[in-house]
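Put the two chains together into one complex; each comes in its own frame, and the hints tell you how they fit.
Heads up: the sequence lines are chains A and B, in that order.
With my numbering applied, the first sequence closes on residue 584, and no number is skipped along the way.
With my numbering applied, the second sequence closes on residue 691, and no number is skipped along the way.
For the record, the hints were derived by calculation from the structure and aren't laboratory data.
The reader is advised that the hints may include incorrect statements.
What the hints assert, rightly or not - Every beta carbon over 12 Å from chain B, so not counted as near; a handful from chain A, in silico:
{"#": "1", "residue": "GLN14"}
{"#": "2", "residue": "VAL68"}
{"#": "3", "residue": "LEU78"}
{"#": "4", "residue": "LEU116"}
{"#": "5", "residue": "ARG301"}
{"#": "6", "residue": "GLU313"}
{"#": "7", "residue": "VAL319"}
{"#": "8", "residue": "LEU359"}
{"#": "9", "residue": "ARG539"}
What the hints assert, rightly or not - Label-pair distances were calculated between CB atoms; the ranges are:
{"#": "10", "chain 1": "B", "residue 1": "PRO678", "chain 2": "A", "residue 2": "LEU273", "range": "47 to 57 Å"}
{"#": "11", "chain 1": "B", "residue 1": "GLN668", "chain 2": "A", "residue 2": "ARG113", "range": "24 to 34 Å"}
{"#": "12", "chain 1": "A", "residue 1": "ILE16", "chain 2": "B", "residue 2": "LYS465", "range": "51 to 61 Å"}
{"#": "13", "chain 1": "A", "residue 1": "LEU42", "chain 2": "B", "residue 2": "GLY536", "range": "36 to 46 Å"}
{"#": "14", "chain 1": "B", "residue 1": "GLU606", "chain 2": "A", "residue 2": "GLU218", "range": "22 to 32 Å"}
{"#": "15", "chain 1": "A", "residue 1": "ILE289", "chain 2": "B", "residue 2": "SER570", "range": "54 to 64 Å"}
{"#": "16", "chain 1": "B", "residue 1": "GLY566", "chain 2": "A", "residue 2": "ALA54", "range": "45 to 55 Å"}
{"#": "17", "chain 1": "B", "residue 1": "GLY381", "chain 2": "A", "residue 2": "LEU42", "range": "25 to 35 Å"}
{"#": "18", "chain 1": "A", "residue 1": "ALA323", "chain 2": "B", "residue 2": "SER570", "range": "45 to 55 Å"}
{"#": "19", "chain 1": "A", "residue 1": "TYR234", "chain 2": "B", "residue 2": "GLY528", "range": "35 to 45 Å"}
Unchecked claim - Every beta carbon over 12 Å from chain A, so not counted as near; a handful from chain B, in silico:
{"#": "20", "residue": "THR366"}
{"#": "21", "residue": "THR512"}
{"#": "22", "residue": "GLY515"}
Predicted model, so just to flag it, every value in this text is computed and none were measured.
Beta carbons: idealized from backbone N, C-alpha and C, even for Gly.
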Amino acid sequence: MQRIALLAAMGVGIGGVASLCAILFVDTVLWLNGATLVSPRARVSLEDRPWLLGAVTVLVPALGGLLTGLVVRYLVVERRSLGPADTIHAVQSSEPLPSVRSGLGATLAAILSLGSGASVGQYGPMVYLGTLIGGLAVRLDLPVRNLRAIAIGCGVAAAISTAFNAPIAGLVFAHEVILRHYAMQAFAPVTVASACGYVLANVVFERPPLFLVSFDGVAHGYEFALFAIEGLLCAGVAILFMRLLLRGATLAARTPWPAPLKPAFAGLVLGLVALWIPDVLGIGRETLRFATIEEAFRLDELMLILVAKLALTVLCLAYGFVGGVFSPSLLIGILFGALFGGLVGELATALGPFAVSHVVVYAICGMMAVASPVIGAPLTTIIIVFELTRHYDLTIAAMVAVVFSNLVAYRVFGRSLFDEQLARRGFDLSAGRDEALLGSLRVSSVMRTDLPTACRGQTVAVVVRRLIEAQASECMLLDGRGVHLGTVRLGSLIDRPVDALVEDYCYDDTLVFDDRTTLSEAMELLRGFIGEAVAVVSSVDGTLLGAAPESAIIEAYLDRVRQLRREENEAP
Amino acid sequence: MKRPDTAQRPGTARPDRVMPFRRWFLPALMSIATPAFADRLPADGTDVGDDLVVLTWGGAYEASQRAAYFAPFTRATGIEVRTARYDGGIDELRRAREEGAVPWNIVDLEAADARAACREGLLEPFDPAVLVEEDGVPVRDDFDAGSIRDCSVAQLVFSTVIGYDVRVFSGEKPRRVQDFFDLERFPGKRGLRCAPVALLEWALLAYEVPRSQVYDLLSTPRGLDLAFRKLDALRGHIVWWRGGDEPGELLGSGEVVMSSGYNGRFFEAQAAAGAPISLIWDGQLVDHATWAIPRGAKATGRAQAFIAFATRAERMADQAMRISYGPTRDSARRRVGRHVEFGIDMNDHLPTSGERMRRAVIRDSDWYARTETLRQRRFAEWLRAPGVGPCPDARERAR
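Here chain B stands alone, though its shape is the one from the complex (with noise of 0.2 Å):
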């Protein structure tokens, strides 16, 4: 049954803290999108004056979310947006929650991450009331199912794909994950990333297992056993990859045909470098990226007034403008244009675009948890097969 994700599970209601917010929620609302709102905050609030502080991943992806988030926040509020070095996981917030001091008002988390940390009680339960309603469509219909959540709501989608080398393939074009094993109809090197990720969710899909039932054939042992066969299929045609950035080498080197590879890698090396590679969206693998506050911060309802304004369509459509990365609403990839800066349409690039959702697996996070081991354990034996592994070492790779 799907979750009532409105339910606050017991306990967890914070009303100190929630109360305030709602008061003045509304009358914020209506005024985000002018200057004068921050002359609007209530003299109740302990943090007016403070910044905001976000706990993101740095480079090219926060550049697009200071240009898309960071800066209009603070334009139209006044509130400074700074940022805090993240590179995943929960221990930062474990810490910080032992600590007793929470250095950040919000985080950005990968949906795994969000929803372990929302387990052990490291984050705000999040008020889906925040959300803003857009073409006048409600919240609910308008976001991806399973975005509003506890701790988190989803707002972007990244995701793993298989890219091809146009100029091999003129002719017939391969076009579902089927073909990836294929080596008759579209014969040459696969570039694959070596570890076990994707390519067991991609080999049964072959088979035409349904998506939503992947995972559960993957956690018994003759799940594994075939999609290892579909993989034998592919033996002395795989060069391994490790570093993102190799798949599109690959493919524009011409030692490989076909890779996986991360949509965003495989854009910059289109859009920016003019790379021939077209890509396969069938059997996609997504991820999510979510907001969460986390447990303890200060100056919940101001962080709660960025995720209110940074999850508006606009919003969402002018960082999927700047990056590779889809929008978890309908209404925002309604808006979703051209580059800011390449000019090509991002529609052709982004992992929600068109039906391509409709074809895509979602990463199953707590099944990866907690196949670790097992995963890791069958994948090293299948490499000791003749004719597969083993993978090279991130050096070797760059030579």
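Next up, chain A with everything else stripped away, as it sits in the complex (with noise of 0.2 Å):
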């Protein structure tokens, strides 16, 4: 009973604090929006002074590029944006969260971005910020097991159902990005928050929900199809996405400048290029609603704001502006399938006795389609879908969309950007979170030193002293720089002149680990494998650091799994 309340106080306490806080987030950028005439409403005050408003939409992104550079650079410790890749890699390793100071200084930097108009989103941000407060309420201490990961979650679920006014979607997501399993333990919190989020942001405050539309319905039963076709385009839409970002952020690194001026550079461009594409400032909510019109674009124009939304997407988060990718994703999913139902209708039109339904269907599933294989997140985008739109055919839409799009994806190039931003970390999540887990742990944290060793020119009698002292029945041998050479045996020298040399009898080793051999790695390697222990030597130099004892290795595999399976499976 005491349990129970302790979990749904956690959850209404971090839900509560991660709402407000995502409501301040927003708000403040909507004012920076406003201040910086990023927003069309401010900007339309300028309209019959071109100039001071063309200097403005320079300027703005530029500075707030400087100022994003400057904040990273002296407040973030890591140097670099933290997100949901951040977020995951805390809760599936067992390594700690970047420190609060960063946390906060990169929520800063992302609201000076998203503030002075960077294509960038806001949820990755909003998720960090989830994230930290999680991450603060774990410093309370409280007696729930696997305290971290659940505070986190909760953190999470309460930013992503107050940004998105969908509380089913901001659980979804953070079991289906975050947490990764769908134990009670965690499900119960976690709900509660999202909850909570909804309560503030929808009731206490009164937000008006993220996207309405109006729609009639799907006309006919074989544009499924083309929904499906849709979704394997909006595939490849999506891993052009990543791969660029990836690329881009290699290439960034490789660009010898100071790391504030980076971000500015990127300002600047995207200020020349709204000169002439408005549309490419911020996250775009007003283009994502001409998408959705019919006779908003002419197809070129489609064409032309998509590809200057994805290159400029990508130039801002390589160049070092601090933002989110699924805004920007949404925005060029939506412009996509507004193409595509473009075209589709053309098409229909040329063929004669075929009609499709509404564009808006079309741009509905491009946008789901293209955004929710960048973040790794079929279901949460299927239920955003259900949740903003309460429309039941538009989310069987929007579902076969994403599932054709995901299941391409995720052959070509993975789960998720983030997974495969933590996999260049070394944190390999694409074969699960077991392997992760014992693919980040590296033998060398089980091995002993205190095993007894053999050095070359020792005699046989001395050697067998030792490991009778010992109690031991092999030991390893060294040379006189401490490199190992291989195993001694106790039972092969039984019955060898007291005199002769140990390393006349010694075994060269099959099997030795070093420095870098995790412990999935080593599970792998001690198949078949007779003894006692394996010698971990330097990858360096080849010197012994010690040895890592078959039983230890087995027993460290054995509990790992079992805590992650326990995690999986605790009960409230």
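Below is the structure:
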């Protein structure tokens, strides 16, 4: 009873705070957008002074970039943006979160980036904001098992629930992307936190819904095949987007400029393009809406804005603006969807007795089919459609597109951009969370350094005595510099001349670990191994670091797996 | 984020005026229905015995206010209510403030003017505590969202709507804004006010743009292009009007089959003249009239008592049974019945009845102020297109 109350209170507490912070975050960005003349509503008042408007359009993102760069350089210890990838890493590995100072710095940098109209997303920083609050709650040291993962899950769920006005999506996102299991122990508080975010956003502050569409329904059954095809094409767009993002990051890292100048440069380019195509500024709420209106864009305009938005998002993120990838991929997706819908429509007219539904359904399908593989959350995106539009037909259509898009993207690219970023940092989730965790643990963490060793040149008698004293049946043989040569077994020394040199009866080891060997690699390599312990040597000079007893490796492996299973099946 | 209306802006509170009011306010409310109320006014008020001067709009509107608010207030308190003529805007408030003599106690401002005047410091902060709870529903839930602001409280809703000739559309009736632009299903001339007001909003609504995003989209060149493209569909079918009484006449004479117009004027035409007009409430562009107290006015306590009195559900409903403007609180709307003179059910004629407000666009005065020149310019350009303009001048129309 007490534990249930504690879990519920945790959900309400973290959910409430995370939700308020998320609202504050969004409002600050909106206010900045107004103050810096990024939002159309603010820009329209300068409509009769085009020169001033132009100057503002170019200077605001450039200066915003400079400020972002300075904040990241001096406040964020990691000197990069923090986002969902860091959240996933903290939850899935047992390593600590980046510091609170870094988290606050990254959030400030995200506010500056988004506020000055950078082409980056707002949900990534909000997920990290939720993580930060969950991480702070861990310091309360509540008597809850798996506290850290659950607290972070609560923070993330509330942030997403608030941001989208979609409590079910918040809940599913936390499980699908962050926790990656559905144990009731985590499910309960995360759901409470998500509901809490919804209540605050919707009932207390009466936030308007993020996206409203009116749609009469899918007119023809065969259109579902078109949604599937659209999904396949969207996978291509998503893969291109993710590959460019990764490539861009590598390229930017090689650019030898002072760090704060990089985002300033990206901002300048963004501003110059915005003089021509203002739709690229910010997260593009208005453009998102226009894409659902058939007459708003010509097809070539759609294509142009799509390419510009994609390129500039890559530029902004690679060159150090701080923000997420979800909002830009929503926009890229909806533009692509509108383009696809437009082409299908034209084709339909050309082919005669063949009709299609309103472009809005293709736009929504495209939006979700591009965005979901990027963040690796097919379920979440399907539910977002349902919660935002409350339209069943539209949800089913989006579901078909999303599933095909994810199938392809998963095969070709991987689960998500975040997982790929983590894999590049050495935390590979592609074979599941067990493998990722075991793959991030080094075998050197379980090795022993107090086992007996023998040195080249020692006699059989000396070594036999040492083994008997240590009650061991084998030991590692080293040369004078400590370099590992092989293993000496007690059995092979019996009945040997006592003054013979020990190296004559030494086995060359078939199995040696080094300081980079992971626990999961060790388990694979141990197949068929007979013996007590495996030598762990330095990968640099081959000197012996210690020996990992077979039993210690198996014990550590079983412990981790059991810990994961317990977390996944923990009762509330 | 919704602004916490209760929070007075720093430095604007004037305790020397507000405090005495609070001291006698509650007893005053309890006795407000009894004529003896005037006797209990405190001796420390500097304004005892004075009248209350309301700056308001004259005509039938003021007549409805006199019947619903002023006369009953005088009966209840003994305080005479006089009026001064007002024609909108905030210049008069500015002038009075500069001259240091504010001759009114209360002003009846349009919402946009109230907000502008509040920003300029021309109004006293409004204390929502003066509003009286009705039917056990907290005041904030009872009033429409956004009614209670820093310096004012919205008291009634008036709107620009589309009316159509019921004689022409005897079969399928137009119901939605889209139908105004649909010449195939609903053929015939359209009457429109020759000004870039309401028609741009309606054009975007016809594209299924949600009401909450209309003004954001109209802030972009693309949004304006889109709106004018929708209006292009009506080329050659538009009859422009200028004066508020013209839509009723145009519909009555059969010159147009649908027309934009003010809901009050349509009501007069329907109720008084029996014109065969029905209204499309979908997408109605609504605006609010508010009560506010000018900064520097005398007897603010008494003015607040008047606002408390005039925002009671029964009083507001009484006004709505005299003129077709809707009350801003639920409890008042529930009390609306038949017109005192014509005997028709006013619920059919108020912009606030039933679900009508759910489909309304609240006129964004801030956006209107920002886009004044832009709208006029784009509209004038569009009028030059073939089959559209120009606007007639008022005399030509009258002919």
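Comparing the hints with the structure gives:
{"no.": "1", "hint": "GLN14", "result": "holds (36 Å)"}
{"no.": "2", "hint": "VAL68", "result": "holds (15 Å)"}
{"no.": "3", "hint": "LEU78", "result": "holds (27 Å)"}
{"no.": "4", "hint": "LEU116", "result": "holds (21 Å)"}
{"no.": "5", "hint": "ARG301", "result": "violated (6 Å)"}
{"no.": "6", "hint": "GLU313", "result": "violated (9 Å)"}
{"no.": "7", "hint": "VAL319", "result": "holds (18 Å)"}
{"no.": "8", "hint": "LEU359", "result": "holds (23 Å)"}
{"no.": "9", "hint": "ARG539", "result": "holds (61 Å)"}
{"no.": "10", "hint": "B:PRO678 - A:LEU273: 47 to 57 Å", "result": "holds (54 Å)"}
{"no.": "11", "hint": "B:GLN668 - A:ARG113: 24 to 34 Å", "result": "violated (52 Å)"}
{"no.": "12", "hint": "A:ILE16 - B:LYS465: 51 to 61 Å", "result": "holds (57 Å)"}
{"no.": "13", "hint": "A:LEU42 - B:GLY536: 36 to 46 Å", "result": "holds (37 Å)"}
{"no.": "14", "hint": "B:GLU606 - A:GLU218: 22 to 32 Å", "result": "holds (28 Å)"}
{"no.": "15", "hint": "A:ILE289 - B:SER570: 54 to 64 Å", "result": "violated (45 Å)"}
{"no.": "16", "hint": "B:GLY566 - A:ALA54: 45 to 55 Å", "result": "holds (49 Å)"}
{"no.": "17", "hint": "B:GLY381 - A:LEU42: 25 to 35 Å", "result": "holds (30 Å)"}
{"no.": "18", "hint": "A:ALA323 - B:SER570: 45 to 55 Å", "result": "holds (53 Å)"}
{"no.": "19", "hint": "A:TYR234 - B:GLY528: 35 to 45 Å", "result": "holds (39 Å)"}
{"no.": "20", "hint": "THR366", "result": "holds (39 Å)"}
{"no.": "21", "hint": "THR512", "result": "violated (5 Å)"}
{"no.": "22", "hint": "GLY515", "result": "violated (7 Å)"}
Hint check: violations occur at hints 5, 6, 11, 15, 21 and 22; the rest are consistent with the structure.
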